[in-house]
Amino acid sequence: MTDLLWPAWLDDVWAKSPVEDGEPGESLALHTWQVLQRLSELVVLRPDLPQVVGFPGLWEALFWACWLHDFGKATRGFQAFLREGPRWAHRHEVLSLAFIDWLGETIGTEEAVWVAAGIVFHHRDAVEIAMRYLGPGEAHAEVLESMADDVEDLVLVGLWRWLHECYPSWIQSLSLHSTVRQPVLLPLEKAVGVFRRNAAASIRSRLLDLRRWERQLTAPKNLVMAALALRGHMTISDHTASAHAGAVPGMPLVKPDDLMARWGLSEASIYPHQRACLHAKGSAILVAPTGSGKTEAALLWACTQAKDGKLPRLFYTLPYQASMNAMYNRLQKTFPGCVGLEHSRSVLALYRRLLEDNYDRREAARLARWEKNLARLHYYPVRVLSPYQMLKGPYRIKGYEALLTDFFGGAFVFDEVHAYEANRMAAILATVKYLRDHFGARFFVMSATLPGLLRARLASALGPAHVIEAAPEVFAAFQRHRLIIREGELFEERWLDQVAHEVLEGRSVLVCCNTVKRAQKACGELERRLAGRPEVILLHGRFNGRDRLRKEKVVQDASGAGSSARRPVVVVATQVVEVSLDIDLDVMYSDPAPLEALIQRFGRINRRRRREWAPVNVFTEPVDRQQIYAADLVRRSLEVLKENDGKLIDEGMITAWLDRIYADDAAARWTREYDEAYDNFMAACLETLRPFDASEELEEMFYQAFDSIEVLPACLESEYQQHMSAGEPLEAAQLLVPITWRRYCTLRQQGLVEEEKRGPVRVVDVPYTTEMGLLVDMTS
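Anchor point for the sequence shown: position 262 equals 262 in this note's numbering, and the numbering is continuous, going up by one each time.
Each hint should be verified, as a subset may be incorrect.
To be verified - FRET-style restraints, in silico, Cβ to Cβ:
# : residue 1 : residue 2 : range
1 : Leu134    : Lys16     : 22 to 32 Å
2 : Met653    : Arg610    : 18 to 28 Å
3 : Asn423    : Cys745    : 36 to 46 Å
4 : Asn423    : Leu134    : 22 to 32 Å
5 : Arg215    : Asn680    : 44 to 54 Å
6 : Ala683    : Arg610    : 45 to 55 Å
7 : Ser269    : Arg215    : 33 to 43 Å
What the hints assert, rightly or not - Using 25 Å as the maximum straight-line C-alpha spacing, the simulated DSS-like pairs for lysine-lysine come out as follows:
#  : residue 1 : residue 2
8  : Lys642    : Lys333
9  : Lys16     : Lys398
10 : Lys310    : Lys281
11 : Lys398    : Lys372
12 : Lys521    : Lys553
It should be emphasised that the hints constitute simulated quantities derived from the structure, not laboratory data.
All values derive from a computational prediction rather than experimental measurement.
Virtual Cβ for every residue (Gly too), placed ideally from N, Cα, C.
All chains should be built: construct the whole structure from the sequences, respecting the hints.
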């Protein structure tokens, strides 16, 4: 700041309390400068945004809103509060509205409303502000007058000098001279006089104007997009400045040739479908076999979306936490230090990763929380998340404007798109269409399996899009599985004996079960037969974080695609294995399931094509009574598979197989579920989307529909409390087990939730073991 004019006369007017005893607080001027710095970086990130949202004055309105947003903290009462005095009883951002008058003719009447909205709503929603300061009677006027009277004359003069003397230097230093016009401020004496005489009336007038303006915001018009961007940029700028996150990094996209060089590839050596993605401007759909470089294709596509070498953000979405964690590690190698991870347990994933890098527990916990916080602040230019995190925007969960703002102009990759049920797919694709129509977002959707039903919905959501399919010879090259249909079911003695024989012969075996209860039973049966030689590892979704990590590491060491210590092992797993670990086993035995699920299970076998082909065994029973999949889809899948029994699976034919399965009644049911969910989501969320209006009702709907809940088995409560008492909350959090909201409600109805323990963790009286996980089915 050597060439920056600085209001040293205001250094004792603080915006933040001291971080440590005996130290001064952060000055109002310093905090404001940092907020403006963050805003200027966002302007560079999306320079054309004002034109996109139809409000050319957006950046200028945000500039003055950011500069004035905390002026209300200059009162005696608030300054005393920052110095360990009593809490100030008012909202500082409401008082800050009075200082808009000082801008005089700098901004017009309409733009002043936007500046006021940026200021007064940067912490609280419109309803709360109106309830506190727009009620009838003289009491509210007296409150506003008392707030204004609490600012000393000397401080008023100092604030005016700051604006008057520093704005040319600050605008120039922030490279905003072409964005922000030179202000025409009121003269000092007039400015002080206006504040003393009119502050309360001016605040009330602006609040009334804002209420009328805010009520006019209806979706889906450009006005709504501009208002979302206004609050979103205010929130991001203010919060990243308060967190001292530092400069917001730009998207670290490199030239495609440089990116391929990092992978040891060239345009001449990559697959044709990857080359097509490299040259696809705009949204695209890729259908290609597992292991044929879809992730690389997605990143090459992202490079192509950059305008003038710039791309605001890259969002890489996946359906499951394990696959998100793996992708985060992978993208960190390509974009070191620029990748954020966002899911409900990401802080634990980051913590465990740091522990593996030999950080001690305390430092690992600190850094994991910091990385999680930066991701929540929309700091990282590359982010790995689930589509459900995206849906927090339409569901108007607190902070949603900042989340949606970060989507403007972004590039989105949807991986493993096959994994979503019809009702969830409807909400996701409705959001995709909304972001495409109003946010200028582009999308890359990829999958090994894409039935016609889904393709049609994707076409509607994406609009004009490139459809890229791997060449027939690529699919032919990936014929690595021989299909074998086994009559009966896994728990017949002959099949359990055969699985045990396979592994004793030196092969690694994957056993896939459709339910946790069946997986636990299969594990017990195989352990009894093998007596520990070799080991049997159980994987499902009801292990706590600590045990899940330990088990995944054992599996990776024994059968990971790149492991140097491979050995025979039996992995007994539920659907979690379909899209999580990068493992490469020799043979599979699976419960029957819909074809798209089976294809993903097959992908864990002979993944790196170490041999010409590997057997994938599918049982014909049980088809129904498991309440996991629709029985007719399982039956239809078996019919198609039986026609190909004993043959190598041609992945190029899978889409045609899926179209046969999803036909007639199955197609009608899927379409009905999708259309009903789509219409409900549009009515509840997208058609009512507006800024300054977080919804507790929609938030509850979101968490019940899309999020799991974590519980603590009663047998681990003592260990949990020991970690908490030792100041190790992340170690304690690793003991929690995720279950669905529906399962939790069932346990509560059965009296297995210890309701008297109303602390931050939910304790359930359900057995848990390190090897078997939560034995919830044994209690019903």
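Against the structure shown, which of the earlier numbered hints fail to hold, in ascending order? 3, 4, 5, 7, 8
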